[in-house]
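There are 2 protein chains.
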Amino acid sequence: MRKMRRKGLASMAVQTAASTTDSTTVDLGSAAALSCRECGHRVPLGPVFACEECFGPLEIAYDFSAYEPEDLRKRIEAGPANIWRYAPLLPVPADVADKPNINPGWTKLVKADNLARELGVTGGLYVKDDSGNPTHSFKDRVVAQALEAARVFGFTTLSCSSTGNLAGAVGAAAARAGFRSCVFIPHDLEQGKVVMAAIYGGELVGIEGNYDDVNRFCSELIGDPAGEGWGFVNVNLRPYYAEGSKTLAYEICEQLGWKLPDQLVIPIASGSQLTKIDKGLQELIKIGLVEDKPYKIFGAQAEGCSPVSVAYKAGHDVVRPQKPNTIAKSLAIGNPADGPYVLDIARRTGGAVEDVNDEQVVDAIKLLARTEGIFAETAGGVTVGVTKKLLENGVLDPSLTTVVLNTGDGLKTLDAVAGTGLTATIRPNLESFREAGLA
Amino acid sequence: MRKMRRKGLASMAVQTAASTTDSTTVDLGSAAALSCRECGHRVPLGPVFACEECFGPLEIAYDFSAYEPEDLRKRIEAGPANIWRYAPLLPVPADVADKPNINPGWTKLVKADNLARELGVTGGLYVKDDSGNPTHSFKDRVVAQALEAARVFGFTTLSCSSTGNLAGAVGAAAARAGFRSCVFIPHDLEQGKVVMAAIYGGELVGIEGNYDDVNRFCSELIGDPAGEGWGFVNVNLRPYYAEGSKTLAYEICEQLGWKLPDQLVIPIASGSQLTKIDKGLQELIKIGLVEDKPYKIFGAQAEGCSPVSVAYKAGHDVVRPQKPNTIAKSLAIGNPADGPYVLDIARRTGGAVEDVNDEQVVDAIKLLARTEGIFAETAGGVTVGVTKKLLENGVLDPSLTTVVLNTGDGLKTLDAVAGTGLTATIRPNLESFREAGLA
Numbered sequence: 300m301r302k303m304r305r306k307g308l309a310s311m312a313v314q315t316a317a318s319t320t321d322s323t324t325v326d327l328g329s330a331a332a333l334s335c336r337e338c339g340h341r342v343p344l345g346p347v348f349a350c351e352e353c354f355g356p357l358e359i360a361y362d363f364s365a366y367e368p369e370d371l372r373k374r375i376e377a378g379p380a381n382i383w384r385y386a387p388l389l390p391v392p393a394d395v396a397d398k399p400n401i402n403p404g405w406t407k408l409v410k411a412d413n414l415a416r417e418l419g420v421t422g423g424l425y426v427k428d429d430s431g432n433p434t435h436s437f438k439d440r441v442v443a444q445a446l447e448a449a450r451v452f453g454f455t456t457l458s459c460s461s462t463g464n465l466a467g468a469v470g471a472a473a474a475r476a477g478f479r480s481c482v483f484i485p486h487d488l489e490q491g492k493v494v495m496a497a498i499y500g501g502e503l504v505g506i507e508g509n510y511d512d513v514n515r516f517c518s519e520l521i522g523d524p525a526g527e528g529w530g531f532v533n534v535n536l537r538p539y540y541a542e543g544s545k546t547l548a549y550e551i552c553e554q555l556g557w558k559l560p561d562q563l564v565i566p567i568a569s570g571s572q573l574t575k576i577d578k579g580l581q582e583l584i585k586i587g588l589v590e591d592k593p594y595k596i597f598g599a600q601a602e603g604c605s606p607v608s609v610a611y612k613a614g615h616d617v618v619r620p621q622k623p624n625t626i627a628k629s630l631a632i633g634n635p636a637d638g639p640y641v642l643d644i645a646r647r648t649g650g651a652v653e654d655v656n657d658e659q660v661v662d663a664i665k666l667l668a669r670t671e672g673i674f675a676e677t678a679g680g681v682t683v684g685v686t687k688k689l690l691e692n693g694v695l696d697p698s699l700t701t702v703v704l705n706t707g708d709g710l711k712t713l714d715a716v717a718g719t720g721l722t723a724t725i726r727p728n729l730e731s732f733r734e735a736g737l738a
Numbered sequence: 300m301r302k303m304r305r306k307g308l309a310s311m312a313v314q315t316a317a318s319t320t321d322s323t324t325v326d327l328g329s330a331a332a333l334s335c336r337e338c339g340h341r342v343p344l345g346p347v348f349a350c351e352e353c354f355g356p357l358e359i360a361y362d363f364s365a366y367e368p369e370d371l372r373k374r375i376e377a378g379p380a381n382i383w384r385y386a387p388l389l390p391v392p393a394d395v396a397d398k399p400n401i402n403p404g405w406t407k408l409v410k411a412d413n414l415a416r417e418l419g420v421t422g423g424l425y426v427k428d429d430s431g432n433p434t435h436s437f438k439d440r441v442v443a444q445a446l447e448a449a450r451v452f453g454f455t456t457l458s459c460s461s462t463g464n465l466a467g468a469v470g471a472a473a474a475r476a477g478f479r480s481c482v483f484i485p486h487d488l489e490q491g492k493v494v495m496a497a498i499y500g501g502e503l504v505g506i507e508g509n510y511d512d513v514n515r516f517c518s519e520l521i522g523d524p525a526g527e528g529w530g531f532v533n534v535n536l537r538p539y540y541a542e543g544s545k546t547l548a549y550e551i552c553e554q555l556g557w558k559l560p561d562q563l564v565i566p567i568a569s570g571s572q573l574t575k576i577d578k579g580l581q582e583l584i585k586i587g588l589v590e591d592k593p594y595k596i597f598g599a600q601a602e603g604c605s606p607v608s609v610a611y612k613a614g615h616d617v618v619r620p621q622k623p624n625t626i627a628k629s630l631a632i633g634n635p636a637d638g639p640y641v642l643d644i645a646r647r648t649g650g651a652v653e654d655v656n657d658e659q660v661v662d663a664i665k666l667l668a669r670t671e672g673i674f675a676e677t678a679g680g681v682t683v684g685v686t687k688k689l690l691e692n693g694v695l696d697p698s699l700t701t702v703v704l705n706t707g708d709g710l711k712t713l714d715a716v717a718g719t720g721l722t723a724t725i726r727p728n729l730e731s732f733r734e735a736g737l738a
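Residue numbers (our numbering), protein chains in the order written: chain A, 300 to 738; chain B, 300 to 738.
A portion of the hints provided could be inaccurate.
All copies of an identical chain are treated as equivalent in the list; a pair is satisfied when it fits inside any one copy or across any two copies.
Straight-line Cα separation of at most 20 angstroms, SDA-like style, residue types lysine to any residue; simulated pairs [stated by the list, open to error]:
{"id": "1", "residue 1": "Lys622", "residue 2": "Leu713"}
{"id": "2", "residue 1": "Lys558", "residue 2": "Asp512"}
{"id": "3", "residue 1": "Lys585", "residue 2": "Ala360"}
{"id": "4", "residue 1": "Lys410", "residue 2": "Pro379"}
{"id": "5", "residue 1": "Lys688", "residue 2": "Ala476"}
{"id": "6", "residue 1": "Lys410", "residue 2": "Pro697"}
These are computed hints drawn from the structure, not numbers from a lab.
The task is simple: from the sequences and hints, build the whole structure.
Laid out in structure tokens, this is it:
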């Protein structure tokens, strides 16, 4: 079934590529080609996403051979306070920082000493807080990347299917860059989420059906002439889009003083973010920007959508799809495309994959907020909750430097913590204040 | 009436000061004393906010005489990517950046070329986007400042009255810094706002009454032994708190390449932010960090709470209080304490004060979102709307460099734009897509 789906995508991909920019005119910096993750087959850079040989996923291959680590480090440090400081390591033109883009990244790496004390971590605990991005989720990183590819490939419409964070990120990025945007969502999405996506003024199209229907329709559109000139950020632009997650790895290491952390706890939706963070860390090692040493990658899922965690614990190499049922909706991908790669990375680095239930997610959101003043969305509750569980189970080593990702903002998932409220109600006088034990 | 209110505050202020840290032990960097804005009377640094001579507001007086501009500029540029890069110009200890704080500031100054085109601005239009702060409003700047003063004065509880942004900023800052927090709000506040404030785990006390009752109660508490050890960020810590707004002036100039803008459009709630931005600009000129040249300051209000705008247009020096009725709730202060100073600054610099109605606020929120991908809260709609109106009226000069402030995040005022929705609803097939005219 997996192969069949891939075959369909590959034939569409080839069709789309034929009608666009010739790869010889493509300037995407040090990006040299697209390379199949499965069979290594290389094709020129273009808006394709599946291997014509084996239908495996394509990813960017770079030529970093010209970089001297000390020079590159200085160049990066002199760069802008956003992801474009890493332009030499990304599939973007050298002048990318001068183009209109919402410029995400360079978010805070918060030393979480209060949380460390509560959890018993002694080796240094950090929260990489991506709620500081322009639309307050890590999606701004990947969309910014897809947008630059869309520009190079001559696309004029930026599109995606989404049920949340991605819709806002695409709408905002397209608005600023002067692209038309057309975002497809299930027609019965909650009003708050609709507003967050609609405010940027692009087309926001409700599809009469569920999220699967939306995705099916988008695939149909990519294969149709009506979709010509359309860049679907996470479909025909996916190889570029996905690279945006590498910037999380770069920033974490630079913010640690160009050092690898010992342990990272990363959420799993499609699994792409986790695999690209690993790719980013490996690149830094190979180029010589950080000293080579072991690091462990831990994947975090919600129990209500835990296909990778279940596979990990069962010792499987493949991931059996699940029907999601969790408050962590931004992670609720029941059939994660990069699941097998995540399993491989967790095992190869000596990490693990773990899950927590919705109650633990809510407790973890509150724990992070009351210890560090960071209000995370449910995905952040998942990573903090899994960190706590892995420490309790002795899987995470409390004496090592550990980085936990928060990929989104609590303001976007208020419903999950709607039970949080007043600690007291009093009359407006000191007597009532004292009676309530507040003095 | 104004005098009477001040007298009450002053006597409380003196009482509070007597019971706290001796000023000789206070290390607040280059802050030298508190100085009365009305009569110039100076008192030692302490948690006092009103002049014992004339009941005028106290503000920080500095000793910047040791600073050599080129050295200071280098020191600032080598500093952290937050407000503490300006520690030499703020009432904070030199090691402030090493203490646990949510580290706001260094938010984006977005060159808004699309918006400029729509509005006909040719001289360069910028949006200073403070939605990038940790709790997504400029309040993080002032609270961070108040917190450091609270630390120095030995307070253990951080408090405020609030109906929105301030509650979250205080809760988050206190959580991270290890302070107890106790925030007072009207008991019937909307559930979403309650969650945003309660999530940080401090005391969140609902007062049976309206916002005036909440404020009255807080004043009572400050004068009572029960309030000992309590730092109310915008009352007994107000002189320190208010200085946080200067960092907006510093950042704007540094981000413009150490240049003054020609025109600034700033929202008015209490008016404190506008007056402190002016103070910050004047400091940069005096120290020699920017070249001295004229700049104009424009104040922006919502029509439903426009006491300063009304006074400006009538040519008055005093501000007649209003009962607020506007969707721009974060600006809805009917009796703004700094109103007279705002009038003075607008007139002295050749600026103006203007207001827009709620419909114009909503239109301006949408305009900014669709041109620049920035989703502003209602206060940002007020400044953008006023900018548009002042350009149309020929009051703002389109050929000059103009900076417009967005002080908060649209995610916090979703209700104001709740009407924004789907642009189309279709069935999940290409035929329906074409019928809707989306191809």
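Hints, one by one, checked against the model:
1. Lys622 <-> Leu713: This pair counts as neither: shortest intra-copy Cα distance 23 angstroms, inter-copy 31 angstroms.
2. Lys558 <-> Asp512: neither (44 angstroms within a copy, 53 angstroms between copies)
3. Lys585 <-> Ala360: within (14 angstroms within a copy, 53 angstroms between copies)
4. Lys410 <-> Pro379: Answer is between; shortest inter-copy Cα gap is 14 angstroms, intra-copy 23 angstroms.
5. Lys688 <-> Ala476: Answer is neither; intra-copy 42 angstroms and inter-copy 25 angstroms both fail.
6. Lys410 <-> Pro697: Intra 15 angstroms, inter 44 angstroms, cutoff 20 angstroms: intra-copy only.
Figure legend: structure checked against the earlier numbered hints; hints not met, in rising order: 1, 2 and 5.
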